[in-house]
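Student: These are the residues of each chain, in order.
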Amino acid sequence: MTYKIVASQCTSCSACEAECPNVAISEKNGTFVINPKKCTECIGYFDVPQCVAVCPVDDTCVIDNSLPRYQPSA
Amino acid sequence: MQKMAEHKGCGTSGGSGKASCGTGAGENDMPTEIWEKVKNHPCYSEEAHHHYARMHVAVAPACNIQCNYCNRKYDCANESRPGVVSEKLSPEQAAKKVLAVASAIPQMTVLGIAGPGDPLANPGKTFKTFELISEAAPDIKLCLSTNGLSLPDHVETIKKFNVDHVTITINMTDPDIGAEIYPWVFWKHKRVTGKEAAKILTDRQLKGLEMLTANGILCKVNSVMIPGINDDHLVTVNREVKSRGAFLHNIMPLISSPEHGTVFGLNGQRGPSAQELKALQDSCEGEMNMMRHCRQCRADAVGLLGEDRSAEFTTDKIMEMDVNYDLSARQAYQEKVEEERQAKVAARNAELETLAGENADLKILVAVATKGSGRINEHFGHADEFQIYELSSNGAKFVGHRRVDLYCQGGYGEEEALETVIRAINDCTAVFVAKIGHCPKEDLLKAGIEPVDQYAYEFIEQSAIAYFKDYLAKIKSGEITHVTRGDATIRQGAFVSVDA
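Residue numbers (this note's numbering), protein chains in the order written: chain A, -11 to 62; chain B, 685 to 1184.
Next comes chain B alone, as it looks inside the complex:
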């Protein structure tokens, strides 16, 4: 079974006095009412995504546009697609599933509708689902993700159902560029193609964005970075959406491979490298909050971003489940999560103070194996993704993640898989793990990546800052020489479920 993970948000240490990057940003970096909306939304807050989970329900199969990076016959690589293997749900089944998941995963705080088509091309199913869930589980935040074509027609309804997070996928504002991304849109009972189609789409997207922000609804913009087509143009898109009040911009890499059967996959259009993606995100960051923790998840994903527990919650299984929606138990659990989270922030800030005297221009990247809670708590061989932090005298900033094949399968590592991991984190100076075997340790050292297990189970940012201080001290004393790392590969393919 093909699985993908999604995600959205941004990364920075937050609270360190510099211009804050939205989602990494913390409580002191934004107005209280916005913080209340994002603090436990894993997609809108990088910081929250270590602690809180989300789920998508696949109630919206129909779409009203065609994208060259999407193939409706298979799992979609970029957007959230259940594709051929997953189940479509009715609104009633979706509501039951939400209750089942909320009972089993008390840190699940957000329900999103993201397809597999366009939620607003299926308004009846989408809004019925919201209605049922807001009655049964009023503490769960509602959000949706749309291509924007129908958005202006539904802003009033979105408001009515208290949907306070909306994501619009905007890949261009220039119809010439749009014509290379969208073969057609279905508009006023006709299929419209070429530049005319792209013009309609961009007008509707920007109008919808303006209407939402005017109504105080938090908007995130997703953009797919397609090298040679819209990569330079996304800087303009960033400015356009910022000026219309978007809260967060999520530039995601095109995932393109012939086996996806997409137009881009078949015509050999490549996705960006890790360095290309980061450079574009960095160049937009002065303009607005950038999200870098998006896992490009599927329309039926369940769990923390970067993990997918959807296989535990198939329709057959939830029908047999004893669903006990206990709001007070959920709240008690979430209070514990908040305590842990505050301890993490305090530890980070204390460590950051000890960095204050350092004025080095040096920046390095490190990879972290984690399964959540903001701790280094995953075995190197069990990690199916690494989180990437940029370390500088400003502290530790989340700048992305790299998906990798499971290196350790059945208890032993495979050489080929290790090479994949090394290519994915090749731009990193070190990799932080809870544990690592002797052989992969040697191979990583050979590749110039230092395996670090001395901070096992500690908080990520606190440990990373401590490591960086140590790194600078070693350079000063001449014990080591700083080496600039090369580029890294963004994996072209969906997450493959372990249970499949």
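In isolation and in its complexed conformation, chain A is listed as follows:
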């Protein structure tokens, strides 16, 4: 992945879901989660990851260090 959502901080406001260019974000059990297979860190779409930029709670959409960073194929 790339990005993940810290569940304990998520307000479930859904703002990130609409902004994600990869449709990688969805609601599961009352909180939002990022599908690591779909997340591209917004590389190729925008200068900044959209979930990070729109999230109302700082440090809630963060890099998931347990996974390798996204590598653009081109």
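Treat the hints with caution; some may be incorrect.
[Unchecked claim] Below 35 Å or equal to it, Euclidean Cα-Cα: the simulated DSBU-like pairs (lysine-lysine) are:
hint: 1; chain 1: A; residue 1: K16; chain 2: B; residue 2: K757
hint: 2; chain 1: A; residue 1: K(-8); chain 2: B; residue 2: K812
hint: 3; chain 1: A; residue 1: K(-8); chain 2: B; residue 2: K757
hint: 4; chain 1: B; residue 1: K757; chain 2: A; residue 2: K26
hint: 5; chain 1: B; residue 1: K872; chain 2: A; residue 2: K16
hint: 6; chain 1: B; residue 1: K757; chain 2: B; residue 2: K843
hint: 7; chain 1: A; residue 1: K16; chain 2: B; residue 2: K1001
hint: 8; chain 1: B; residue 1: K874; chain 2: A; residue 2: K25
hint: 9; chain 1: B; residue 1: K883; chain 2: B; residue 2: K812
hint: 10; chain 1: A; residue 1: K(-8); chain 2: B; residue 2: K883
hint: 11; chain 1: A; residue 1: K16; chain 2: B; residue 2: K812
hint: 12; chain 1: B; residue 1: K1001; chain 2: B; residue 2: K757
hint: 13; chain 1: B; residue 1: K844; chain 2: A; residue 2: K16
hint: 14; chain 1: A; residue 1: K(-8); chain 2: B; residue 2: K874
hint: 15; chain 1: B; residue 1: K780; chain 2: B; residue 2: K1055
hint: 16; chain 1: A; residue 1: K(-8); chain 2: B; residue 2: K872
hint: 17; chain 1: B; residue 1: K812; chain 2: A; residue 2: K26
In case anyone wonders, no lab produced these hints; they're calculated from the structure.
Put chain B on the given structure of chain A with help from the hints.
Tutor: Just chain B, lined up with the frame of chain A:
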């Protein structure tokens, strides 16, 4: 459970020949087509708010800006936030809830979408909800409340769904001041901060306002009064929004407390006192209609302004409810409400005529315990808010309300709670109640506030004018001496539901 109440509007006696204040204003104070739009909208008409109820549905959780008075992790103090305890609704659930409430509360005439985020940052959910409701309950007025950032993009859709009331929260038109209120806005796929963010926001808000008024959509502007940041500046904001055709301006006090977890709550930013708020509202009133009956309600509030019946209409409960949307029954009920309302206005006007000879410069404030219908019909100990009227030789004018903790809990009063009530109405000469116990009566008298129960269940304005006449007569005869009252406290906190 945390509850807050909202509200909007203005207050004046209306019809007394002076420049009318919009929402207190009555039928004869505005063009017929505007009166038709506001006459049963509790938020746009102070007069209507005694009789008609509104509801909000929380279908719009996402927001596109950050405000220093808001904390998305908890109930928001100023805007309408369901926060952590309430339910988000889908448009389908919202439509069902509206029908359930409309069946149970026939005087519910207005459906608003006010968040908990920004309705126009969730356009799909917001407009789907309007579509479903306009099909199922065509007599219900639709309105929405927005921060304005996306507003210009949606004016056409707002028109298409016959949304004829839009509220924009405008706290500044000066980006230097805006930078102290808004840490960032999400704009064109970027987070923009500082003055640049505030500049984008104010440009979009004013453009949206101009577009709406050009399309004949009634606009109210909400402003949060933040002492030391935008308090003086709001006079300029008032002029700017008036010149762009806003119908009503609602200046609300900042509600700020550390437990809200907001930036302002944590950095000790205070809210205004009752006198500071009233002075600012008074100074803007010559410019345009001022709303003073706003209860700053939450995004899922249900009922008359100042009451909150949302706990009766949770998703679990509405699913079990037998929903019978009977338009003719609703109309019959509302006709009765209109009869009562006209009787109230007639009684007020008759009483006002008897004041005609009085030319005193004196103004006093009185507090009223009421649960609606424009009557003094609440027990002192059961009131969770008092409505404040200013009495002068012009009559009785609604100038605000004060929320208080329930003084009477479980049948007996508590000293500490009584002190809270006294602080909240300390600027008042008298408090009108349907009933009051012996002990609180004595304590109020000691504090210099006269408890008045002789007008129990009578109309508020008629009674207040009669009281004022009597008050002037007593001063003339030397029976009493007029004493100028001090300031009062605006409660810092949300309404706490009784059922919680």
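Student: Under the constraints set out in the numbered hints, which ones does this structure not fulfil?
Tutor: Structure breaks no hint.
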